[in-house]
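K.L.:
Line by line, the protein sequences are chains A and B.
Residue 1 is where the first sequence starts when you use my numbering, and the numbers rise one by one after that.
Residue 370 is where the second sequence starts when you use my numbering, and the numbers rise one by one after that.
A couple of the hints might just be wrong.
To be verified - Each computed BS3-like pair below joins lysine-lysine, with the alpha-carbon atoms no more than 27 Å apart: (1) Lys503/B x Lys202/A; (2) Lys482/B x Lys202/A; (3) Lys268/A x Lys482/B; (4) Lys270/A x Lys482/B; (5) Lys134/A x Lys31/A; (6) Lys637/B x Lys202/A; (7) Lys571/B x Lys639/B; (8) Lys482/B x Lys415/B.
By construction, these hints were calculated from the structure, which means they are not laboratory data.
Keep in mind the model is a prediction, meaning the values are calculated, not measured.
There are 2 protein chains.
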Amino acid sequence: MTDPATYVAQSAITTVNIGELHFETGGYLPKVELAYETWGRLNAEKSNAILIQHALTGDTHVASSQLSPEAGWWEYLVGPGKTIDTDKWFVIAVNMVGGCYGSTGPSSLDGDKNPYGSRFPFVTIRDSVNAEAKLADQLGIERFHTVIGGSMGGGRALEWAAMYPDRVAGVGVIACGGQATAEQIAFAQAQVEAIRLDPHFKAGDYYGGPTPIQGLGIARRIAHINYRSEPELNVRFGRQFQGDENPLNSPVATRTGRYQVESYLDYKAKDLAGRFDANSYIALTEALMSHDVGRGRGGQAAAIAKITATPFIVAVNSDRLYFPEQSYQLAADFGPHTPVHMIDSPIGHDGFLTDLHQVADDMITTLGL
Amino acid sequence: MTDPATYVAQSAITTVNIGELHFETGGYLPKVELAYETWGRLNAEKSNAILIQHALTGDTHVASSQLSPEAGWWEYLVGPGKTIDTDKWFVIAVNMVGGCYGSTGPSSLDGDKNPYGSRFPFVTIRDSVNAEAKLADQLGIERFHTVIGGSMGGGRALEWAAMYPDRVAGVGVIACGGQATAEQIAFAQAQVEAIRLDPHFKAGDYYGGPTPIQGLGIARRIAHINYRSEPELNVRFGRQFQGDENPLNSPVATRTGRYQVESYLDYKAKDLAGRFDANSYIALTEALMSHDVGRGRGGQAAAIAKITATPFIVAVNSDRLYFPEQSYQLAADFGPHTPVHMIDSPIGHDGFLTDLHQVADDMITTLGL
């Protein structure tokens, strides 16, 4: 058995109590738990830790491991001998506070064993970093070699570098900019309103009864369309009908026949509704909309100027949720010679999940992996 | 007083009974009325008629007139001495069947004085053209000099030229392609589902009770974001807070403070909910998704080959609802020398409303106005 001080966990989810948490916009929880998975071993100096941050509906399962063999969402990136080599690095992934994959969130029980529901605090990206810093303290990790993530995970990584410059040596911001844009806020609003419109939502206090899966499904549809590019949807689905269904054979407006793209989004909606809590979806969506590295810091350029971590910035050339322009702006704020590493993929934003291997060598070089 | 045969109406809305209508996907109505506005005078030969087709939530009020002096949605285009000169042309605009601006739609009463609601037929663009052809028959218009429209109005114009090649001499398709794309269908599905989720929708039979304005408002938000470009939203609104509101001062997720872009979309949602019937929104959205000029005609190229009307095709360079690529494809199907006239505007799809004057001279030349 390894010394507990240098050996944290051999994968599978661990949950720790980080104590109370004061949230940025006034909320307070007396006790917060964070769930995390790890890969590899923390060295004696605790200098080989890499924090990988998940996206909006992501979880801690970045990659497979002995105790959790199913493939993770960056399976090709993280593992023995891979880009982030777990023979060398101690990798940790934390479920964000407010989420529903093990960390304290709206579906968690308060001290009286009642789910928080509508009483759960408003969460910002900065709140999540504060919580994760407490976890890092507990693990004895003074400084991460790298904090990296894609989409909302990129925002979480960037805030780590901005809030704790002394604790982050390298920061990877993949398919994310320095702030949520007007368009992202606009689409997020429609999503949140759709969930709230669901009669089962009951202002957020639906636990114990039916859940607002229809509203959550609509939110997912809106989001997922923007995770993909227009050409990708058109090439894959076009106007094809789904199987034997015919969307043009109903005498009244409420048709049952679907187009293929509708069936595809029905699947995406159902899949998310089966695995994600609607309140967590709202909480993390709001957190993502709060993302603005320059807020209260004199703007983005001033905020970035105080970051000491080495930046590794990646965009997807077909991304229309986080347009590459945002990554270029972020890179420019890091300095005139900061490159944007471009993933060439027709599929859109989700290229950060499917095609990050394209810039794996750059990642190794830039971040010193 | 002018001879009724040559003088149809001096603006303001006229409603006529066009009799029964068999709908393409099996629906049937024993009596359909169409509402229309006109400008100018039909000449003795009835050869100077121009049909202008409105978009999804548009109406017949294309331009002001003596009896209806408020500005219309193509005010700068239509009137005495303007691009479509009503001293020369007899202009008519018809509210599409299924709509809620005077023509028979889901909110209309059946023979027993009950609103159709959920029983209203599924409407296609072709159904609307069929209905309008009956109106043209009544008015004695054998052939339109021009049928022109933007967005869904462009689809309606294109179908006119495809269904009645002998009755359309010139066709203007503005900011619309030959078919609804996978992406348009996907966003439409989310919109329709949002309306259906509204507890007030009651499967479409909500008349006499509260109306599903929340669901319709969500639909409008989704649609309107796509009517504008991402840069336009970002330049206008960015992350600005609305007035004294602060989206980041709520201790819980249900915040009351809004971002400016949210306030803007709240306004758009409320405005539409106050002026449009939700069932009509679904009916016309479904009609627009049915748009496919090549359906049942051996594909788009074969369908276009049978059109004899002179095409006038316009796109907006920043349109991300009807990408210019679709207009180029349409033009190519009309023949190798068919140009796409490009509106240069940063605002996106809505440029077809705000900036069509940029191609007014091309319109006059191409269509012989």
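K.L.:
Run the structure past the numbered hints and jot down the numbers of the failing ones, going up.
P.N.:
Hints 1, 2, 3, 4 and 8 not satisfied by this model.
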